[in-house]
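*Asks:* Sequence:
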Amino acid sequence: MTEAIFSDFGRKLTGDSGILRLMDDLGSPPPPGIRTYALGGGNPAQIAQVESLYRAEMERILQDGRAFEDLIGRYDGPQGKASFIEAVASYLSRSYGWAITPENIAITNGSQSACFYLFNLLAGTCTDASACRTRRKILFPLVPEYVGYADQGIEPGLFVGIPSRFEDCGSNTFKYFVDFERLESYLAGHRDVAAMCVSRPTNPTGNVLTDGEVRRMASLAARYGIPLIVDNAYGLPWPHIIFTDDATPYWDENVILSMSLSKIGLPSLRTGIIIARKEIVDALSKLNSIVALASGSLGQAIAERLIRDGSLISCASSCVRPFYEEKNRKAVQWVHRYFAGGDYAVHKGEGSIFLWLLMRDLAVPTKVLYRKLKERGVIVVPGEYFFFGQDESSSLPPAESHPHYSKCLRLNYARPDDELEEGIRILAEVYKANRR
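For the sequence shown, the residue numbers in this note's numbering are 1056 to 1491.
Hints are computed from structural coordinates only; laboratory data are not their basis. Check each hint, because a few of them may be wrong.
[Claimed, not checked] Derived DEER-like restraints, expressed as beta-carbon distance ranges:
| no. | residue 1 | residue 2 | range |
| --- | --- | --- | --- |
| 1 | Ala1137 | Asn1489 | 54 to 60 Å |
| 2 | Leu1075 | Gly1132 | 29 to 35 Å |
| 3 | Val1419 | Glu1114 | 49 to 55 Å |
| 4 | Arg1066 | Asp1398 | 39 to 45 Å |
| 5 | Arg1090 | Gly1070 | 31 to 37 Å |
[To be verified] Straight line, CA to CA, 30 Å or less: simulated DSBU-like cross-link-like pairs of lysine-lysine:
| no. | residue 1 | residue 2 |
| --- | --- | --- |
| 6 | Lys1385 | Lys1067 |
| 7 | Lys1230 | Lys1422 |
| 8 | Lys1067 | Lys1422 |
| 9 | Lys1429 | Lys1067 |
| 10 | Lys1230 | Lys1427 |
| 11 | Lys1487 | Lys1422 |
| 12 | Lys1230 | Lys1429 |
| 13 | Lys1427 | Lys1385 |
| 14 | Lys1385 | Lys1341 |
| 15 | Lys1230 | Lys1487 |
| 16 | Lys1487 | Lys1385 |
| 17 | Lys1230 | Lys1385 |
| 18 | Lys1341 | Lys1429 |
| 19 | Lys1427 | Lys1487 |
| 20 | Lys1422 | Lys1385 |
Computed from a predicted structure; not experimentally measured. Ideal placement from N, C-alpha and C gives every residue a C-beta, glycine not left out.
Build out the structure end to end from the sequences listed, making use of the hints.
*Replies:* Laid out in structure tokens, this is it:
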């Protein structure tokens, strides 16, 4: 049989890439007879109170005449389920005073696909009315950043990353900050930036950008006439996996805010929510129509009434945040217990479901440590994958030059306590056997 010939697009998305290598490797089993400690993925915990809320809402739908049959038997429009969009717009405008209407909201099959749409809608080769071609890029102001972004560009070399600065916080903790001097210098010297993108809270580090940092980046976006994409998958008002009390949601017409239902207990229903100005929403709806016809309706239907009456937001603040805050506290406690005596630090736990662990005296790259850990059944994510976005103009240092590049691991602490503690204990044991 003749081998399939793929297009450049096909080769780009199916070729060798960090996320594909990682997902293939995560999916392969550990050695026979070895228990698995699955600290590597991004799956949220299953929280009983949240599940009860969704079960009750599903039962209400099933008992409501033909509501279930209409839900599964009819497409929504490409923008999303109109009543769900209205509920989201009403809640956000009422709660935060944002000047948004249903025309400012689009629904996609998960926020990951929304990012794919946005990155390739805004960046890449652009041809103006006079047939002049330019190549525009997405700028990530705080690297290390989410590995799921790294290979989403259809064209190669679409992303540029600004290395973060960091400060020691004492007690074996540290924190990343946006290097605004470097960011502002890059924007001033490179008019090919199509948009900036940050995750807040940050995947993989658990960092939460301050309100001041977000507003300063939004101001820069306005100055240079580009959008600021804020990935709010772990943020406010839901799922509220933020442990600082001084972070508030932010949106203006220069901001594209990406939200999701995944981390508040509906990951398999793939419901991404984009809040943006009307022309961006119109474009996303057209893309969604071409690629998917429409987005899945079930997540929207389950969450709609819960957003409208405030139940989802109440559950996020009273159940979800305390659950993960306690999980974070335990995970950090176990790291300090088992890593005692090592030259290590944990990123300050401000949000998300991850720990970002720095091992300064590690004698091998974390990609190698990852393989050694997998032989013991411990699955984590090596930090190298989160350092991406090489600048072709060489005006920024290469990602590999960041002092944390090959010294960090991402751990998901949403797993059961016994699995999490034992996984951390084994991790510390393998680390101590591979120190300089």
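*Asks:* Give me the numbers of the hints this structure contradicts, sorted from smallest to largest.
*Replies:* 6, 14 and 18
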